[in-house]
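Residue numbers (this note's numbering), protein chains in the order written: chain X, 17 to 124; chain B, 17 to 124.
Treat the hints with care, as some may be off.
If chains are identical, the list can't say which one is meant, so a pair holds when it fits in one copy or spans any two.
[As the list claims (entries may be wrong)] Straight-line distance between alpha carbons at most 30 Å, and here's what the computed DSBU-like set of lysine-lysine pairs gives:
#	residue 1	residue 2
1	Lys-89	Lys-102
2	Lys-49	Lys-107
3	Lys-86	Lys-102
4	Lys-25	Lys-89
5	Lys-107	Lys-25
6	Lys-102	Lys-25
7	Lys-25	Lys-100
8	Lys-86	Lys-25
9	Lys-100	Lys-86
It is worth saying that the hints were derived from the structure and are not from the lab.
There are 2 protein chains.
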Amino acid sequence: MSGTVKTLKPPYYAVIFTSQRTDGDNGYGNMAKKMVDLASKQSGFLEMESARDDQLGITVSYWESLETIKSWKENLAHKVAQEKGKSEWYKNYSVRICRVERDYSFEG
Amino acid sequence: MSGTVKTLKPPYYAVIFTSQRTDGDNGYGNMAKKMVDLASKQSGFLEMESARDDQLGITVSYWESLETIKSWKENLAHKVAQEKGKSEWYKNYSVRICRVERDYSFEG
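Excised from the complex, chain X in its bound form:
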């Protein structure tokens, strides 16, 4: 995971993944790390940001196109992780596919 993203040029695409975890790790930490590594090697991957507190986790990944988001969703190892996510790791989650229209940043 990295800090804030500053160098992208809209339009690009964002996947907002919001989740509430089940109790216990159940192999989640290990798999999450693997999925970040794997995602970052996919064609069209730009960046990923993540934060989790005791209420909620939000991970936003940024991509060049809707096609590259689709390819990542259908990646075989990712599909296995998605199934484990439903059966073990998440109480609930939402996924939103977005087109980033504009961005700006502040550096203090």
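Use these hints to put chain B onto chain X, whose structure you have.
The following block gives chain B in isolation, referenced to the frame of chain X:
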């Protein structure tokens, strides 16, 4: 702050606000609460989700239109908070204005 959003109908709009805080509270907690209250009363506001850990904070707010996002950005009390954000609360932040094209969710 609430849990995951489930009942919206795309297209709608998301503002992804990613930030790293300065040390200490400096009145931040109080103002953050006020801004959530105020945002939720704005025309076009749909929902807000937030997570922060020791590395990063991500807040995503959802809106009916780009116009309602603009109005909130220009809200006078919000402008005061934005200035304090730059001078006191944030080391850096990024704002991304997005159009949500598609969403889906899982409830375990």
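Hint-by-hint comparison with the structure:
1. Lys-89 x Lys-102: within (14 Å within a copy, 37 Å between copies)
2. Lys-49 x Lys-107: both (20 Å within a copy, 26 Å between copies)
3. Lys-86 x Lys-102: within (19 Å within a copy, 37 Å between copies)
4. Lys-25 x Lys-89: Close inside one copy (23 Å) and across copies (21 Å); limit 30 Å.
5. Lys-107 x Lys-25: Between copies only: 22 Å across, 35 Å inside.
6. Lys-102 x Lys-25: Result: close only across copies, 23 Å inter versus 34 Å intra.
7. Lys-25 x Lys-100: Intra 34 Å, inter 27 Å, cutoff 30 Å: inter-copy only.
8. Lys-86 x Lys-25: both (20 Å within a copy, 20 Å between copies)
9. Lys-100 x Lys-86: within (19 Å within a copy, 40 Å between copies)
Consistency note: the structure conflicts with none of the earlier hints.
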